[in-house]
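**Student:** Those sequence lines, one after another, are chains A and B.
Okay, so the first sequence: first residue is 1 according to the numbering used here, each after it adds one.
Okay, so the second sequence: first residue is 1001 according to the numbering used here, each after it adds one.
No wet-lab data here; the hints were simulated from the structure.
Hints are supplied without guarantee of correctness; some may be wrong.
[Said to hold, decoys possible] If you want the footprint, here are the derived chain B segments under chain A, 3+ residues with CB under 8 angstroms: (1) 1084–1090; (2) 1137–1145; (3) 1203–1216.
[As the list claims (entries may be wrong)] Derived, one-sided and incomplete: chain A residues facing chain B with beta-carbon distance under 7 angstroms: (4) A28; (5) V30; (6) L89; (7) A90.
The structure displayed is predicted, hence computed values, not measured ones.
Ideal Cβ positions, reconstructed from N, Cα and C, are used throughout, including at glycine.
Listed below are the residues making up each chain.
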Amino acid sequence: MPLFLRQIIALIRKDILTELRTRESITAMVVFAVMAIVMFNFALRPIVDNFRPLAPGILWVTLVFAGTLGLSRSMSTEQINQCMDGLLLAPADRSVIFIGKAATNVIFTLVVAAIVLPVMAILFDETLLNIGVIGVVGLGVVGYAGAGTLIATMAASTRAREVFLPILLFPLALPLLVAAVLATTGIIGNWPVGDYISWVGVEIAFIVIFWTAGTLLFEYLVEG
Amino acid sequence: MTALLKATNLGKLYGMRPVLKGVSLAVERGEFVAILGANGAGKTTLLRILATLARPSVGELTIGGIDALKHADRARTHIGLVSHQSLIYPDLTARENLAFYGRMYGIADFGFSISDSSTGQSAIQNPKSKIENALRRVNLWNRKDDFARTFSRGMIQRLTIARAILHDPPLLLLDEPFTGLDQSSAANLSALLRETALANRAVIMTTHELTRGLQGVTRALVIKAGRIENELTDGITPDALTALMA
Chain A
1 MPLFLRQIIA LIRKDILTEL RTRESITAMV VFAVMAIVMF NFALRPIVDN FRPLAPGILW
61 VTLVFAGTLG LSRSMSTEQI NQCMDGLLLA PADRSVIFIG KAATNVIFTL VVAAIVLPVM
121 AILFDETLLN IGVIGVVGLG VVGYAGAGTL IATMAASTRA REVFLPILLF PLALPLLVAA
181 VLATTGIIGN WPVGDYISWV GVEIAFIVIF WTAGTLLFEY LVEG
Chain B
1001 MTALLKATNL GKLYGMRPVL KGVSLAVERG EFVAILGANG AGKTTLLRIL ATLARPSVGE
1061 LTIGGIDALK HADRARTHIG LVSHQSLIYP DLTARENLAF YGRMYGIADF GFSISDSSTG
1121 QSAIQNPKSK IENALRRVNL WNRKDDFART FSRGMIQRLT IARAILHDPP LLLLDEPFTG
1181 LDQSSAANLS ALLRETALAN RAVIMTTHEL TRGLQGVTRA LVIKAGRIEN ELTDGITPDA
1241 LTALMA
């Protein structure tokens, strides 16, 4: 196996091991996501009969906010004892670190999505448990983690990182979120494929743009 | 003899403010170079550039004959860094920390299950042995499965040295390694560093302390306002250095 792949796997493995020990990221993300869904349920149930038109919006708002918690945490763990320097000292291209951290964020957010989707299907709309929706969620999570890791790296070196991250990330991720919501709406609303497939294309384009940008720009972000 | 590290006319600007000006330095194997200076003199900036953690605004840097500005990833295989920050993950054990860094250096990608006899590899090539050797060398083998967060400052600093020498780098960079250590831990660290430095390596250490860790130093450089102002190769004593820094 090429060294860069082994290095990426080592990074992912280290982050998962740390998470299994501390349970700080995924626990916070899951608790936040489930609480948000329950609150949406109590707030909207008295005034809404059919949740199907609302479900995609609720799903993505929940995933994005929960995902942001994980993003912030994923880079801040590397600030402890200046561990980021340890990564930067490794004989690896800087893009290896970006890909490893972004892949970890994808895994953590997918774990949250795997819990959120059944809960939402029970509370709001059973059609959310659909292979098409799962695919759209997968693409959305990959895109959001790519952009989020890039911005979280920028935010990590600032004092107001918790504020800086969402302020920069949310406007940047807006095209992805619009596309994900509309694609999800199309799938559970049984639209003709041609009516929502372009939104899936927007998700893919977002992934290509931000993972490429992250791979190319990460070096300049971490070296100031 | 070809210099292991050769820096030529290094300069660094933070915004419009120069923090390093025309620093040139050549260090050979077996040398133990101390870079002294007051806080803010540019010591850490220089060391971060030598460690390829920061890019100089101008100048050239070769490490082990490799252009460290063009091929930094290759040059990094020659570098070990010990700083006052440990670069150690507190929620991993001592062994897991070294295993992770070993994998990042491409020397320990298959855990701990392969024994010397089963692979036929020599001890030095076997990742398990490398980790074990490094931990034994810093006297932490008996604490290998303890979380780093349970270690004292002195033990953390020893683990940091084990991490830095895991890949057997010929160049060891030390950034204020005695910060926060008590007298006893500092003495232990000093002895360990001398032993490490003698193993056919070059060592460059920055410090603002003139009383600790200077035993074994073969050359002292004084840096002031980002420029190397003075150099001492004989009679390196605290008194001589104090006079040089004045």
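**Student:** Closer than 8 angstroms Cβ to Cβ for three or more residues is the test here. Does the stretch 1137–1145 of chain B pass it with chain A?
**Tutor:** violated (count 0)
**Student:** Report holds or violated for the interface hint on L89/A, using the least CB-CB distance to chain B and a cut-off of 7 angstroms.
**Tutor:** Where the cut-off is 7 angstroms and the nearest Cβ of chain B is about 6 angstroms from L89/A, the hint holds.
**Student:** Verify the coverage statement for the stretch 1084–1090 of chain B against chain A, using a C-beta to C-beta distance below 8 angstroms and requiring 3 or more qualifying residues.
**Tutor:** holds (count 6)
**Student:** Would you settle whether the hint for V30/A is holds or violated, based on the nearest Cβ-Cβ distance to chain B being less than 7 angstroms?
**Tutor:** violated (19 angstroms)
**Student:** Verify the coverage statement for the stretch 1203–1216 of chain B against chain A, using a C-beta to C-beta distance below 8 angstroms and requiring 3 or more qualifying residues.
**Tutor:** Per the Cβ count (0), the hint is violated.
**Student:** Does the interface hint hold: is A90/A within less than 7 angstroms of chain B, judged Cβ to Cβ?
**Tutor:** holds (4 angstroms)
**Student:** Can you verify the interface hint for A28/A: is its Cβ closer than 7 angstroms to any Cβ in chain B?
**Tutor:** Violated: closest Cβ of chain B sits about 16 angstroms from A28/A, beyond 7 angstroms.
The structure is inconsistent with the numbered hints 2, 3, 4, 5, although it conforms to all the rest.
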